[in-house]
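Participant: So the chains spell out like this:
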Amino acid sequence: MRQSFTEWTKSGAPWVWLNAGAVAICMIMVVGLLSLIAVRGLGHFWPADIVQAEYKENNNSIRMIGERVQVQEVAAEQLRDGGVNVPADVETMDRVLMKIGNRDHGGTDFIWILDDFIEESSKPEMLFAAERREWGNFYGYLRSIKESGNEVAAYDGYEKSADYEALWNEFQNRIERAEMIHDQIKDIEKGKIGSINYELERLRLKERALQLKEVTDTAKYAEIDARRAELNAEYEGLQGELLDLYNAVNRDSITAEIANGKIVEFKVAHIVRAFLPNDMGLGGKTGHYFAKLWEFLSDDPREANTEGGIFPAIYGTVLMVIIMSVMVTPFGVVAAVYLREYAKQGFVTRVIRIAVNNLAGVPSIVYGVFGLGFFVYFLGGHIDDAFFAEAKPAPTFGTPGLLWASITLALLTVPVVIVATEEGLTRIPRAVREGSLALGATKFETLMKIVIPMASPAIMTGVILAIARAAGEVAPLMLVGVVKLAPSLPLDGNYPFLHLDQKFMHLGFHIYDVGFQSPNVEAARPLVYATAFLLVAVIAMLNLSAIQIRNHLREKYKALEM
Amino acid sequence: MSTNNTASSELDFDTPAAKRHRNIRALKDKFASAGIAFGGISVIVAILLIFFYLLYEVAPLFESAKIERWQDNEQTVAPYAVPGEGNTLYLTMEEQAEIGLRVTDTGTFSFFNTRNGEVLKKESVSLPEGVTVTSFALASEYSGIFALGYSNGQAQVFQHKYKSTYPNGVRVITPGIEYPLGAETIQVSDGPLEVLALNGEEDTWTLVGGQQSKLNAAQISLTENLITEEVMAESDLVAMPDMNIPANKILLMPDRRWMLISGEDSKLGVVDMNAEGGPKVTQLIDATPGNITSFELLLGGNSLLISDDKGETSQWFLVRNEDNEWLLTKIRDFKNGSAPITGISIEHRRKGFAAITDSGDISFFTTTAERNSLNAAVAKGNVDMIALAPRSNALLVEQNGELTLWKIHNEHPEISWSALWEKVWYEGYQEPEFTWQSSASTNDFEPKYSLMPLAFGTLKAAFYAMLLGTPLAICGAIYTAYFMVPAMRRKVKPFIELMEALPTVILGFLAGLWLAPFMEVNLAGIFVTLLVLPVAIIAFAYAWACAPKAIRFLIPEGWDAALLVPVVIIATMFSFWIAPGIEQVLFGTEMRYWVSNELGIPYDQRNALVVGIAMGFAVIPTIFSITEDAIFAVPKHLSYGSLALGATPWQTLVRVVMPTASPGIFSAVMIGMGRAVGETMIVLMATGNTPIMDVNIFEGMRTLAANIAVEMPESEVGSTHYRILFLAAFVLFLFTFFVNTLAELVRQRLRKKYGSL
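First to last, the sequence lines map onto chains A and B.
Going by this note's numbering, the first sequence opens with residue 1, and the numbers climb by one from there.
Going by this note's numbering, the second sequence opens with residue 563, and the numbers climb by one from there.
Worth flagging that the hints you see were computed from the coordinates, not collected in a lab.
Errors might be hidden in some of the hints.
[Said to hold, decoys possible] Quick list of in silico lysine to aspartate or glutamate cross-link-like pairs, DMTMM-like style, CA-CA up to 25 Å:
| # | chain 1 | residue 1 | chain 2 | residue 2 |
| --- | --- | --- | --- | --- |
| 1 | A | Lys267 | A | Glu176 |
| 2 | B | Lys1315 | A | Glu423 |
| 3 | B | Lys592 | A | Glu151 |
| 4 | A | Lys484 | B | Glu1306 |
| 5 | B | Lys592 | A | Glu434 |
| 6 | B | Lys1053 | A | Glu341 |
Here the structure is a predicted model, which means the values were calculated and not measured.
Produce the entire structure from the sequences given, and follow the hints as far as they go.
Facilitator: Dropping the structure here:
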């Protein structure tokens, strides 16, 4: 059907289409953003193939081993400016970011090279990748295994053979053994010695408190000294044990050939896992993928947070959110109930309502500043003076920590709960309340048995929205309690178990810190994407469950609504 | 009907048990009422506390200073006779203002208790027979290094130092005199040293001294004997040419290149010591309206303060002009009345000073802030000397052989309206500027607390975010509320609203680590997309309108948005594909290089465009949701009436629906702006955080919120910097609160209006 363009324009149709286009763009942006995070975040754990290639530049040829990370197009002109010898007829060239690892031997683990200069690219099955506790990944050919400096097995060649298989299996066994010992060491260092140190510190504070109170009862001091001696003895014992374990774990080492043909030697104990990505089938890769995913979720970070897992950050976020919701729920509900059910409705309540509503829109950093000034320095400082004088001059609560972070976020999110609860309370028909009161129930009974249950979907929604907001908020936390690396979890086996004064790690801050403050951003980037994906997933899940719960509870009390 | 087993009696509601139960319930109810009221009110109070606490932290910035007589144990400290004999050359105090030092022209150093004048330690220089002390020079208050000039042409350099020890938990301060340039005297001139100046650092020092028109400069280099730790001074004496300015007082700047001479009446001479062919007068200025009475260097030694007998004090420093010449320039003056100023005392830690007049009135000024923070009378008539304590919390006044100790409360004189919001001429700058630079490594740093660059950056970021976010969100909301089929609307709306919960740290991280590098390479693509997208959408729409009915009717009306999704994706990809070619044709190189090389506009990788896109993304859900609600809530009979009268849907929307919903849209934009202004993480991560004032879209900025996040953890509690950050937070709080309240009121009125329709 032909239509004249002017006619069509006059009808206003183009404008409608442009508006439709705006919706389409919004949707594409949202979906695009989520998929970008998902693809980059989840793709990181898939074992990439290792490429071996000859790189020829200016008649020099070097062997390169590494993973191809990214390809980029660059203008030839730019390269010529940089002094690269580019043929005259070429306009653009492909540039490849290679992860070559071996930071201890090459200095950097990433380099940009030009795709056109790569020759004889291959993927030898024998190339192995090792994740290490320090210095990043290692790529190379396994050459020999040594026990206490004596070679026990060796292989020289580039082709797969039964000998090589045997060597590889031996290597894997030794990694497993080292891993087991390593776990024991960690258990002693973090668990047992950590507890001892913690108790010693408590004893020191106890003694200091006695001195401050000017107690002269020597029996009390003697008691402390006795316990201290006991702990020190225990510590000595553990030290000895540790020494043995360290000797055992450092028994094995391997030698391997790296890209430039050199043979290097390093300890098996430094390896977290070694694998042959080019030799893995789909099953093997999938297994490796899930192992890495599990490590990401359950392990401590390594190498300045750029490797390993993010368990402490997940733990800190969850714990902080739980403490926050325990505080925010009752207070928010009580305030809403007061405003709606008890306070005299009038100008003042209207003003308060507007004020509360607007506080939800006040920048979160303002809450952070308030939290730091009022909670940390003012309240915390006074609490220290009153109850923790023995620890001075080191602050206990007078420094950012879990408690203050939770309270600050509770204050930040309480308007959300109040507004949502009030909305729920308004929606309850008068008749229901009046029916209850007519039957002789007191106001409080009506509230507890009729009103609150009916408003519970709204309350739940409010709380979950508050949690979702708290989980994603970073700016105020930077002032009141998160750190890039917390030495211990805020909830552990040491009395009093929940350490409200401790600083903690947080997923959102982890993203900021690793992505922007890390010394090796390139290496950390995939991990940041993965963390971002996790955070998005958690928050989306919370929001969706808010909707679900609301619908469910609404269904449940539907009969009551008129 | 239920039957009662004990049919004989009626149900008794007044048994003691029932009564008790009722009482308990009533009591419970009362308790609950009280409890809820208490809880509710305290939560609300806690929330409102934010406002008052911020105010409480900010308020001291604007408190005026106070001065009062020093009190010990609620007893006013009485004036006491000056310790030591002779006329005072120099009066000062140590850190805690417990011990004072008086240097007199008899060559005695008397350390005394500032509360009662008791002499704690007394030292004298050993002068040869017939030699007297003729002049005094101070290197800087901060270093405590000073020199005495003798009538035999020799000078000696001293330093007053204090050691704090804590025997039995009580602080004991032990004063002492040290010789940083060695205990030996240094020959400066062959005649008496009538004037003397000293400056230097570590192991190179310069002493200038001599008679009014005949000056010598002694360049001193120190070598320390590693074993005995004895300092050896090697002196190099240079005679200076006659400057033709009889010097009353001379000062040497810390770089030892510039010497300032206070001459007769109001004459001020500037001497370049390193000039070619020996020291040379570069400027001779009639500096003041009256006669010069006081001539001192401000903290850091880069500014000169001159007072005269007409009550004016002026600040001067060297400014480089276009010809690369340094000229001593008058920056600002301070005046409080016209009584002659007889003396000034320089603050040890801040760019401030106190000036006293011949009637004993003292005025405190801060140079950077141009603030007169205090005026008070501390004496009757002319005083001999005033001295400020290092922390500027105490003042010693010497008059008629008596010393009086005063206590000063002057915590934050650096802050004034002009320091925060107006252009300020900072030391070493060529002209007045807006600058935010809160901390540096040196002690004599001049903090620059102009909030203008930060406020500007905040508005710039918000502007670019709104530029992208508002049209997209409002257009999207119009379509969703008015044209979209309900089935799709039910999916689209919650989906976009869900994005409001997306943590901004994720948006910021993507903007900084993904979008910024991407944009650097594909800058042209972004702009081409902006042009191509609308064209592509219109073209597709027209083609669709011209398509045969059989195709058009496949998709019912109201699904246009879904239809456009592939169009938008293809158009975007097409734009990025053709962008490099267009770039080559138009600019001959990459657009980024063209922008920085041809247009001369600096290009930062993390710039306002990146922030605009990322933060625009963050405000879209907010604006979208509220706008959509406002349009959707417009009563349907209005649009039905319009449509029935023959208007097209678009005409109905523009003429009927939009005017009705416009207050709602306004409040949506306001709330969106509030969010953009206060957003922290996106700006923190997606800009370079440099506090510059430039509207250029390709440069970054620093916003108030990001500034707080960056500097708050490092600022010292209770310091001026700390309170200014609170002030920034307070400004943010007030701004968003105001904007949101406005939006809320508009919305409430809108709701009432709908109610009446």
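Participant: Below or equal to 25 Å on CA atoms is what counts here, so check Lys1315(B) against Glu423(A).
Facilitator: 21 Å, holds
Participant: Measure nothing beyond the straight line between the CA atoms of Lys592(B) and Glu434(A); if it is 25 Å or shorter, mark the hint as holding.
Facilitator: 19 Å, holds
Participant: Given the hint that Lys592(B) pairs with Glu151(A), test it: the Cα-Cα distance must not exceed 25 Å.
Facilitator: Violated: Lys592(B) and Glu151(A) sit about 85 Å apart, past 25 Å.
Participant: Would the hint linking Lys1053(B) and Glu341(A) be met if the CA-CA limit is 25 Å?
Facilitator: It is violated: about 35 Å lies between the C-alpha atoms, which goes past 25 Å.
Participant: Within a Cα-Cα threshold of 25 Å, do Lys267(A) and Glu176(A) meet the stated pairing?
Facilitator: Holds, at about 13 Å.
Participant: Is the hinted pair Lys484(A) and Glu1306(B) satisfied, with a Cα-Cα distance of at most 25 Å?
Facilitator: 39 Å, violated
The earlier numbered hints that this structure contradicts are 3, 4 and 6.
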